[in-house]
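Peer 1: Residue numbers (my numbering), protein chains in the order written: chain A, 1 to 297; chain B, 298 to 635; chain C, 636 to 1345.
Simulated from the structure, these hints should not be mistaken for laboratory data. Check before you lean on any hint, since a few could be wrong.
[Stated by the list, open to error] The calculated lysine to any residue pairs, modelled on SDA-like cross-linking and capped at a C-alpha distance of 25 Å, are: (1) A:188 to C:1149; (2) C:766 to B:543; (3) A:68 to B:543.
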Amino acid sequence: MSHATATTIPAPSYVAALVRVLKSFALLRESWVGMIGAGIVIFWVLVAILAPFLSPFDPLATLQPYAKPLTPFAGGGTFWLGTDHIGRDILSRIIWGSRTVLIYAPLAAFTAYAVGIMMGVAAGYFGGWIDDLLSGIADIILSFPVLVLYIIIIATFGASPINIILAITFATGPVVMRIVRGLVLDLKNRDYVAAAQTRGESSWRIMLVEILPNARGPLIVDACLRLGYVIITIGVLGFLGLGLPPPDPDWGGMINETRQMAMFAPHMTLFPCIAISSLILGFNLLADGLREISLRD
Amino acid sequence: MRRRAAALSGDSKQHCSQATESGYGASPMLIFIMKRLGFMVVIMIVVSLALFVILELSPGSVATKVLGPYTSEEQRNLWLEQHGYMQPLYVRYFSWLGNFVTGDFGESTRFKVPVSEVLWPRLWNTAILGFWVFAFMIPISLVLGILAGMREGSRLDRTISVASIITTSVPEFASTVIVSAIFVFWLKWLPGTSSMTDGFSFKELILPVMVLVIYDFGYVARMTRASMAEVMTTQYIRTAVLKGLRYRRVILKHALRNALIAPFTVIVLQVSWLLSGVIVVEFFFGYKGFGALLLEASLNDDIFVIEACAMVAVFVVVVGRLISDVGYQYLNPRIRFS
Amino acid sequence: MTSSSDIPVLEIQDLNISYYTRAGEIPAVIDFSLTVNKGETVGLVGESGCGKSTVAWAVMQYMGHNGRIKSGTINFKGRNLNELSGENLRRIRGSEISMIYQEPFAALNPSLTVASQLMEVPITHERSSEKEAWERSLQILSDVRLPDPERIMRAYPHQLSGGQQQRVVIAMALLSKPSLLLLDEPTTALDVTVEAGIVKLIADISRKFGTSQIYISHNLGLILEICDRVFVMYSGEVVEEGSIHSIFTWPKHPYTHGLFGCIALPTADKNAAPLKPIRGQLPLPHERPRGCNFGPRCDYFQAGTCDVEAIMMEPVIGSQATDHGVRCVRWNQIEFGTEVAHGDAKPPIEIGERVLEVERMQKYYEVHDRSIAALISGRRIKLVKANEALDFDARRGETVAIVGESGCGKSTFAKVLMGLECSTGGVLRYEGREIGNLPVQKRSPRQLGSLQMIFQNPSDTLNPSHTVGGQIGRVIKKFGVESDKVKIRERVLKLLDLVKLPQDFYLRRPRQLSGGQKQRVGIARAFAGNPSMVIADEPVSALDVSVAAAVTELLTDIQREHKTTLLFISHDLSVVRYLADRIVVMYLGQIMERGTTAQIFAPPYHPYTEALLSAVPIADPEVSKREIVLQGNLPSVLNPPKGCPFVTRCPRKLGEICERERPPMQMAAEGHAIACHIPLDELRKVEPVISVPEEAERIHARQEVGAGED
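For reference, chain A alone in the conformation it holds in the complex (with noise of 0.2 Å):
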């Protein structure tokens, strides 16, 4: 405070502001969950980025039915994961699987939370009828068990990407409102909130400038949560045969084309169920890591 002197203020950059996005992914050096979590989901983007380069056979191919892990392939390379019972290799097809998975997860959980937030900043805002009335949607569809609201929707209108997306929009949007609602409640009577009020801002403004960045803390944690509950989703419409249509590689289809055979080659079933779930808790450990963080501050 003693040196006024008239230093130059440098222009706000997107440099500046993407350094700043940087520093805050490395506070995540603090907490060693959080840097685990991170570490595999990376693994997963950069595996499902390089699937090309890295997966070893065709996913589709069939080449020899029934083997066991690091069975050599007549063709040249070796089934490191062994392969199905129709002799697609399973390593490639968990690679090629992370790419469905790594699509359409975030694609869904990205229009839940479009979804979501419109509305719980709405009805967090405004109050009254719009409250009432978004609440209330939101009330009758969390009525539903998910998975019963998802078969319904899925057994009604059918099974494509675009489908189990809108299903998973549907489902999930009113949880990220109820939240969304929850925050913007309690930010909205903050005096900066009142500053922009008094000025004549329009709610919009208020709503997205003023409110919403400042939910951002809790709703990345609650992002990654749940990004692995649409991992999950999609891997169970898949298991129950509901999913995404064959011949694709896809993680919980895969364990359901396979789970008769879990008995007796339990390898066909039981390495897609890690990729899933190590996937998933890649991104629970970063929720837990961040929201950590987040306290501590």
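Based on these hints, arrange chains B and C on the given structure of chain A.
Peer 2: Chains B and C only, in chain A's frame:
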């Protein structure tokens, strides 16, 4: 300012409580329950309407689903005529709703018997499964959660927290595979299916219960831990410690009473989760329960079973929520006496 | 020859406490020694972060997981508490040493009745029977003057008011007749008039039970009222210690001396004798300077003397001061003069034309009563009268204060004025235009900019997600002062200069600012649109004394320069007396009294004003005060009394008429109105509450002292 506002609302609450003492008796609670019941009815009606619209809006598709795709136009029309589908939508809805309320859910196209004959035994089986899941899950998760939350950041806390994150990260469909690989394939201790074809068998119940408990205890334990840890940092716990109370008493009398309010509601709300969870488990282990019935019905377009199952599921969830809300009010004196 | 009663109850020697954080070791208390004798009340005073509460936690041996006592001894009746085992410590806690906390509501368990929380103390420590414990608890509740102890016993904490809760906490602490009582800011969370009652109770306790007390507070006035001896702390160290009389009359440390210059004592005047803030701010614990911690802020700092080595406590010798020590190497070279420090005189502001007119303005809220009883009786809508028949005005350049406790409606009025709520009746004219029904969305940018607000809570006033520059710039753009990006930036920098913040704060985020700095940004933001009137809602009440003085002075300077009308909302009558030209006293949504500052502070008083004046602690031993302690709680706004709102607590209540009828507004003098049934002549006979000795007498007294010191 906020603090003062709190003091202010404290004042107003005081007045309300005096009013309570002067003769209204338990009426605020009663009013609350009545309101929730009313709300429950509204939700059930809206849900029924939504289901009706989704599943029965077009009579043609209903007929197709009931009679199968390989029927002629005339057959379907005849069926529609017989079953009142030629009437206006709202008339159909109200007669459907009337039948529903009286327990007439229609006839299952797959089992060729009235839906209620299939539904109730199935629901009872699921209730048995659910009972055992709760019987194990509640004590395990509460004890672990309290132990972890009691000393936040301790080694025990970290171990329990990480363990519960790991178990909740393995989805039920994965853990069904894993536990059956272990206990059925390698150890050969337990049967791999739970169809109970030779009558009720506890042995067949073990794996389904285990899978559901493993998946769910972590979540409840973490909630309990969070609640306990929060309570342990409150100033009233500090007051209790600095009063010179024994640690046991601080925990048992001062902390638990407040820390268990949140887990209680979470546990009751797990009923909703359980109805999802059983679908996977019953499907995998061939357990003849409610979840398997719903899944089977939806895979076979057995619409009257779907409707009945959905309504029953929603009803269970809404009742669970009512219990959780009322219980929360009751457990929390700040609300009970205001 | 020392009998047991001569052994001090508590003797702390050379105590050093550190906290261990990610940033490393942070010394919180350095080289701390203190002795408390039997029946004595010792005050610890200092600003936030000075380590005063840490001392109390150390006595209780309750340091949290990252605090540690590094060295020193804490002897309680001859036993070193630092060495006690868990079980022995537990036996002392709550039975021999008890503590009273800042926030009574948080300190009580919400789900246990008062009875069970009280009774467990004798049951644990003395193995009392249930019946005995019940009776003793009942007795102690009436000892702390709680009416109807039977009812209180069965109540849950949330069913009690703040004052009642604090009395319960005090009762709990006294139950096992401790020899030492630690009080950590026990009245900070309470309303002024409630505070006065608690302070009186605490003072009586030590007299009645002979309990020794350590009283921790940031408020010098409270310390003066309660304590026998005082320790002034700054940045982890005691900088000055001694008897109350000695410290308050002849402060020797530049910090203590400076503190008195920061408080709005009755001798201070915003024009003739303004506050003299201590420059700079408290050093962060890990950035303390070498030598004297206060050095960088001290006017008497001497390089080579003050910044060489750690300063030791030295006894003050050769004066009338007794039992007086100071941690300053230059204490006998510094001449403070005879008076409390004050800044240079400033020219008074010219009062201009009328800017704000409020005539019979009212704001009612409708509360929907959804209970079945209300459904049956058909009275489903209840009116909450947040503001009732407000009548006053404000002129250009004038400072008008609205004074009152929680629930008095001052914040509601601010909301209506700002257009966040609409009035439900009466006139609210600003610059000649009716704005009571003009919501903020319908006001022009010019109107918005000319009427701005400064908020109370520094941690809440700025949006944590945006930079300081961005937030001020937005206001400039919004009010159409400037639209060009470069010009906006220039104007923001100018505003930062105006509030005396360095320009590189432009890119900072609120998280990186101290409380005082945030309030300065808040002021800059309010003045961005060249307002002609600013509403300040308790702008300094959350700040430390030295920072508050700086912010107050800054605000008055800017006001002076811009001829701004200031509507100052506060509960603190001493600040109001210092700042305001005219005062409006409110209670439960109604004006009780209004007039010029001089009129309000002299009889005739409204009985409420009288009580309020008496309740405010004054840190000047030469000022005497009449003691008026109000009984009862503040009534709820939802359920106010029918006649005079103050009737339930009024010590001068006439009788039934006060309960039945609204009191008339009586004009005591030009511009001085009192809403009371008591005839003016009666009210005029009342003695002044605060009597300040004549200026001449004071100086005389001090000069004598000064002469004696040679």
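Peer 1: Work down the list of hints and note, for each, if the structure agrees.
Peer 2: Hint check results:
1. A:188 to C:1149: Holds: residue 188 of chain A and residue 1149 of chain C sit about 23 Å apart, inside 25 Å.
2. C:766 to B:543: Holds, at roughly 21 Å.
3. A:68 to B:543: Violated, at roughly 60 Å.
The structure shown violates just one earlier hint, number 3.
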